[in-house]
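Dock chain B against the given chain F, drawing on the hints supplied.
Chain by chain, the residues run as shown.
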Amino acid sequence: MTTPADDAVAVDRVSKNFGSTVALADVSFSVQRAERFGFIGPDGAGKTTLFRILATLMAPDQGRARVLGRDVVSDLWTLRARIGYMPGRFSLYPDLSVDENLRFFASVFGTTIEREYQQIAPIYSQLEPFRDRRAAALSGGMKQKLALCCALVHRPEILFLDEPTTGVDAVSRREFWDLLDTFKQSGMTILVSTPYMDEANRCDRVALMQGGRILAIDTPQAIADSFDRPLFAIRASDRYRALKALREWPHTHSVYPFGETLHYADKRTDVPADRIATEMLAFLSSHGFDDASVERTAPTVEDSFIARMGAPEGVRAA
Amino acid sequence: MRRILFLARAEVLHVVRDRATLAQVLIVPIVQLLILSNAATFRILNTPTYVVDFDRTSASRGLVTRFAASGHFQVTGQSASLDLANEALLRGDVTMVLTIPRQFEASLVRTGVAPIELSVNAEKGSAAGIVQSYASSIVATYASELSPATEPVPIRDVPRIDVRMRSWYNATLNYKHYMVPGILVALVTLIGTLLTAQNIAREKELGTLEQLNVTPITRGQFIAAKLLPFWALGLINLAIGLLVARLVFGVPVRGSVLLLFGSAALYLVVALAIGLWISTLVETQQQAMFVTFFIMNVYLLMSGLFTPIDSMAPWVQVVSQLNPVRHFVTIARAILIKGAGLAEIARPLMILAVYGAVMLTLAVRQYSKRTA
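Line by line, the protein sequences are chains F and B. Mapping the first sequence onto the working numbering, position 268 (from 1) lands on 268, and the numbers just tick up by one. Mapping the second sequence onto the working numbering, position 233 (from 1) lands on 233, and the numbers just tick up by one.
Chain F on its own, in the form it takes in the complex:
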């Protein structure tokens, strides 16, 4: 696979093993400049290993990875000043204040908060009320913002965010993505990994990962659309029993809990959707689910992901 030299990230057949555990198996992809590229997959899919390789912290066993046109192994010193990396674990100094943490990382990169104020202003303005508070005393969402601020303080051209929203409440997660939107306008390339399927829609393109492999790369819409059967959302008061009953129905292709509902896809592709719905309602009421409702729904990235890899362990639906 040849990739244009001006790609922000070009990964060519990268593999990485830890002992007998395969973390990455023959992974290839490229990310364009100014693109927001998401990696979606359960824990253990190899996302963190991939990010550590791209952030020059780890060398791949096989294959080559180039970031901003430079090799992550041989050009690591020139690369480090140009990339921003936010590890999955909160890794700032808990005993230092918000300001002290920021100043520290600014100084490590040979710059100052004042000089970079324009760049970090959107986040820093939110952190400023807590500038003298110790990082240990910040809420989870605030910690993430501080970490992002520290990763941005040297004006990186590309940002690697490894599960930035894991363990953060839903409101803070949305705020975090809104923040990323403001940086997207400045032309920064952002690679972000997440186990949350709903966050896929906020990326330009996503890669579905499982077991160290990339299952698919496309826009969130295209991935969702690749789900090629009519999909139904079923509501029933006893969801668990309804799920069990539907698994026994001969026409069932797949059925699984999805949020408050069950998502159902039919085996038959030649039957109109409204007929399937009617039949299903009849089936459900014959099994005692008189309050059940069935309606057609649009497939999401998660539906597509589940269809591709079977029942995923550890995938978190929001």
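If you're looking for bench data, these hints aren't it; they were derived computationally from the structure. All values reported here derive from a predicted model rather than from experimental measurement. We put the beta carbon where it would ideally sit given N, CA and C, even for glycine.
Each pair of labels, with its calculated beta carbon distance range:
{"id": "1", "chain 1": "B", "residue 1": "281", "chain 2": "F", "residue 2": "182", "range": "41 to 47 Å"}
{"id": "2", "chain 1": "B", "residue 1": "298", "chain 2": "F", "residue 2": "213", "range": "49 to 55 Å"}
{"id": "3", "chain 1": "B", "residue 1": "221", "chain 2": "F", "residue 2": "240", "range": "56 to 62 Å"}
{"id": "4", "chain 1": "F", "residue 1": "169", "chain 2": "B", "residue 2": "26", "range": "40 to 46 Å"}
Sample of chain F residues facing chain B (criterion: CB under 10 Å; computed from the structure):
{"id": "5", "residue": "78"}
{"id": "6", "residue": "80"}
{"id": "7", "residue": "81"}
{"id": "8", "residue": "83"}
{"id": "9", "residue": "84"}
{"id": "10", "residue": "86"}
{"id": "11", "residue": "92"}
{"id": "12", "residue": "103"}
{"id": "13", "residue": "105"}
{"id": "14", "residue": "107"}
{"id": "15", "residue": "150"}
{"id": "16", "residue": "151"}
A few chain B positions that, by computed beta-carbon distances, are all more than 10 Å from chain F:
{"id": "17", "residue": "32"}
{"id": "18", "residue": "77"}
{"id": "19", "residue": "86"}
{"id": "20", "residue": "89"}
{"id": "21", "residue": "93"}
{"id": "22", "residue": "141"}
{"id": "23", "residue": "232"}
{"id": "24", "residue": "259"}
{"id": "25", "residue": "295"}
{"id": "26", "residue": "314"}
{"id": "27", "residue": "315"}
{"id": "28", "residue": "320"}
{"id": "29", "residue": "346"}
{"id": "30", "residue": "365"}
Positioned in the frame of chain F, the structure of chain B alone reads:
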């Protein structure tokens, strides 16, 4: 350079913010110095003693009084039964049994010589020897007072040659003048090594080391920034300790203070480099702690701080040349007690310089900004 200073400044903040570390650095050394200096003594006081007096004369009672009055012995039991005395010795209630036989006074007056028996519990090693020599000298003095005309030799071992000891540099043989500089060295070593080892292990635990690793900061800058604050702390520590030593224990400072601190500055590089090296080998602060304590124990026991190096096995003496603590103990004692100048401590100073260079190189090479 600006980066290093900034990093170092953050390091100082960590220490100041963490009250436990601050106490460890400033208060603990003083307390330890005060306590250890009084515990690590070669003098024997108040040895519990059992007296079996079969003679019961004024001469025998006088002897017992002398023992009690010397301060080295404390009569905790007295009877006319050897069995009771032996029991007390076996139980560990007493360390020494003084047995005065019948006819002690009579024999002393008639012949000028009278046997007494001292049973010392030798379980306590060096203490037994010291106790015995104290007892012998008391008996000898007493005998000469009782019968100045006769031969003043009541027990066999007392030397007839009058040996007069004069201790150079420490005329009163004040053991504290000898111990305090050593303990000072031990404390500075422990603080320097332990804090450094724990500090980088802590960054590993926090994950901040990974964060720092993706920055363009170089290994050399990082390590310099890490070591600088602890190097300064070590010197501050030494200054505080020296002040306590001078004011509380009256330890003499005969040599140049500047030379002492210069040597300490060099020595601290060794101690910090060892800490740094440990931190590259471990993953957690707890592991760092264990490894440091293991190494420190070996270093301190082989440093000549508590036991003279001259009395160690020959191969241990050779190995102890590899012990940086030993060399700095030598230097500190020489400068403080003897008033040694640069020429006299040149050799251990050279060894420390080489040691520091080797350790630092080893630690820096071991520290990698990248995992495999």
